[in-house]
Amino acid sequence: MDFLDFEQPIIELEKRIEKLKLTAADSESSVDLDHEIDNLIRKYETLTKEIFSNLSEWQIAQLARHPERPKALDVIQAIVPDFKELHGDRMYADDAAIVSGLGTIENLSLMFIAQEKGQDTKSRIFRNYGMPKPEGYRKAQRLMKLAEKFSMPIVTIIDTPGAYPGIGAEERGQSGAIASNLFTLASLRTPIINLVIGEGGSGGALAIGMGDSLLMLQYSIYSVISPEACSSILWRNPKEVEAAADAMGISAKRLSKFDIIDRVIPEPLGGFHRDPELMYKDIASAVVDEVQLLKNLALDDLIDRRRKKFRAIGEFQEI
Amino acid sequence: MSWFEKIVPSRIKTRKKQRSKSVPEGVWMKCPECKSQLYRAEIEKNLFVCNKCDHHMRISARDRLNQFLDPESQSELFPNIISVDPLNFEDTKKYKDRLTHSKEVSGESDALLVMEGTLNSIQVVACAFEFKFLGGSMGSVVGEKFVRAVDRSIQNRAPLICFSSSGGARMQEAILSLMQLAKTTSALVDLAAEKIPFISILTDPTTGGVSASLAMLGDIIIAEPGALIGFAGPRVIKQTVGQKLPSGFQSSQFLMEKGALDMIVDRREMRDTITELILILTHSKTKEKH
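Top line first, the protein sequences correspond to chains A and B.
When we follow the working numbering, the leftmost residue of the first sequence carries the number 1, and every step to the right adds one.
When we follow the working numbering, the leftmost residue of the second sequence carries the number 320, and every step to the right adds one.
Source of the hints: derived by calculation from the structure; they are not laboratory data.
Heads up, the beta-carbon is just placed ideally off N, CA and C, and yes, glycines get one too.
None of the hints are false.
Below, computed lysine-lysine pairings styled on DSSO-like, alpha-carbon distance capped at 30 Å:
#: 1; chain 1: A; residue 1: 239; chain 2: B; residue 2: 413
#: 2; chain 1: B; residue 1: 354; chain 2: B; residue 2: 563
#: 3; chain 1: B; residue 1: 415; chain 2: A; residue 2: 257
#: 4; chain 1: B; residue 1: 563; chain 2: A; residue 2: 239
#: 5; chain 1: B; residue 1: 413; chain 2: A; residue 2: 253
#: 6; chain 1: A; residue 1: 145; chain 2: B; residue 2: 514
Cβ-to-Cβ under 8 Å is the rule here; a few derived chain B residues that face chain A:
#: 7; residue: 459
#: 8; residue: 462
#: 9; residue: 507
#: 10; residue: 528
#: 11; residue: 530
#: 12; residue: 569
Produce the complete structure using the sequences and hints provided.
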């Protein structure tokens with residue numbers, strides 16, 4: 001199992017608990033061990049809480065990208081049992097970095113548009129590490145319009161380092177594809193819920209990340225540029241990632257201060273990957289809540305609300 | 320210093336230096352492309368296009384709008400909106416200091432200049448990015464000024480024209496700058512609903528968040544010759560793909576071939592081309608002839 005530096009003491013305690021449990025199961029007189037195990041579990045919980053209450057922005061970025069953290073397809077498979085994937089942009093290709101399709105949660109018909117990073121080396125390469133190309137954004141846009149036609153709320157699941165910076169992507173108009181999606185999202189006459197489960201990487205994330213409700217998991221991030229690139233450009237030193245992440249403020253908690261996020265969904269103790277089942281349940285109920293809330297609005301009011309929300313973003317002074 | 324200068328008495332040397340100093344700076348300039356020595360006044364008259372190789376030099380936002388709008392017709396809009404450093408951002412320098420420095424270097428209050436005026440007597444709203452102001456980056460002020468420019472366009476039913484030259488979103492305003500992509504796009508939805516033309520001109524360079532939002536949303540998208548235009552910068556792409564980039568990659572001509580632009584227009588033809596486009600788009604061609 002992969003784990004991060006700051007998770008190490010937690011993992012070690014966990015191993016000790018497992019070992020003791022095994023010993024307890026083997027031995028006849030386990031009274032003392034039970035007590036010992038309880039102690040360790042309490043210690044484990046205290047330690048985890050302590051470590052997780054003091055995470056730096058960079059540590060949260062690492063959690064957001066944790067190799068063990070469930071990805072978009074895991075979430076979809078867990079909360080949308082009848083998911084039907086829809087492929088292709090009808091123009092050029094089917095971009096595997098974007099997974100999209102129809103399905104229901106609690107009988108609500110929904111359109112899902114997600115960025116998928118992949119779970120192992122092979123699938124990560126297949127998914128291009130979750131970095132969409134123009135054809136991915138165009139597939140997304142095709143399905144946004146399909147959702148509008150059939151009055152279906154859209155749930156987008158965001159987890160990407162950013163739009164792919166490649167030769168072909170530029171040739172096929174990466175900028176134009178993203179801009180066009182923003183235009184579509186700004187004017188689409190159906191509710192749009194954006195859920196950041198991991199990494200919200202810049203314009204590549206925003207291209208499916210603009211809508212009526214922005215939900216973020218507690219240890220997910222959303223930023224204009226990666227801490228690595230920010231550090232390289234502004235500090236002229238790739239190693240200032242801690243400082244760059246902290247200066248920008250990329251965690252759900254820090255971003256909450258800017259009236260951009262509508263809801264932060266708390267994660268299980270130790271993060272999403274420590275108890276995925278619990279997280280899935282909370283994600284599903286948060287999504288249903290938001291869909292119900294938005295469905296109650298008249299379409300004109302919904303669009304007006306969205307327009308006002310984005311127009312109000314920004315801090316400046318008039319002299 | 321030549322051997323001759325070394326032996327000349329110092330008084331004469333001083334005089335010579337003074338003389339060279341008294342010549343106004345920049346009478347002569349060098350074309351960054353073909354390296355020809357050019358007479359500045361002549362190049363200015365030529366709208367900062369090299370008269371030897373036609374290279375379109377980078378120009379300030381103010382020069383841009385001054386040469387684009389009819390003389391005496393221009394008035395600047397929203398000059399009093401300024402940045403506030405919402406995050407108290409500090410890298411190797413404070414954002415506040417970078418802002419002060421950029422103001423001195425560019426003479427502008429932020430990276431977007433907005434004016435209203437006439438273009439061959441047509442009422443328009445025009446904006447231009449100032450690349451010397453933090454790389455023409457889009458933060459809260461640029462977003463707000465652009466949105467107000469759109470509102471003014473709607474109010475006056477005047478076409479909107481925007482000259483982009485920007486590295487993208489302004490990192491020092493973090494998420495607020497990313498959200499300016501959404502904000503400016505949202506305003507353009509309103510403009511489109513009113514069926515008022517939006518002409519977007521991409522100039523050197525237009526990349527990142529600005530190209531991935533307002534710049535690529537023109538009803539008509541024009542580029543100046545030889546401009547660098549793209550989503551990611553060439554350095555990042557080279558790093559990612561680990562191979563040499565094709566020659567001319569991300570140039571105006573390249574984008575034109577790939578179908579991303581309506582046209583490439585020489586700076587000296589810009590006023591008349593855009594005038595024609597607007598007249599035709601707004602069914603005003605016959606009216607103009609009277």
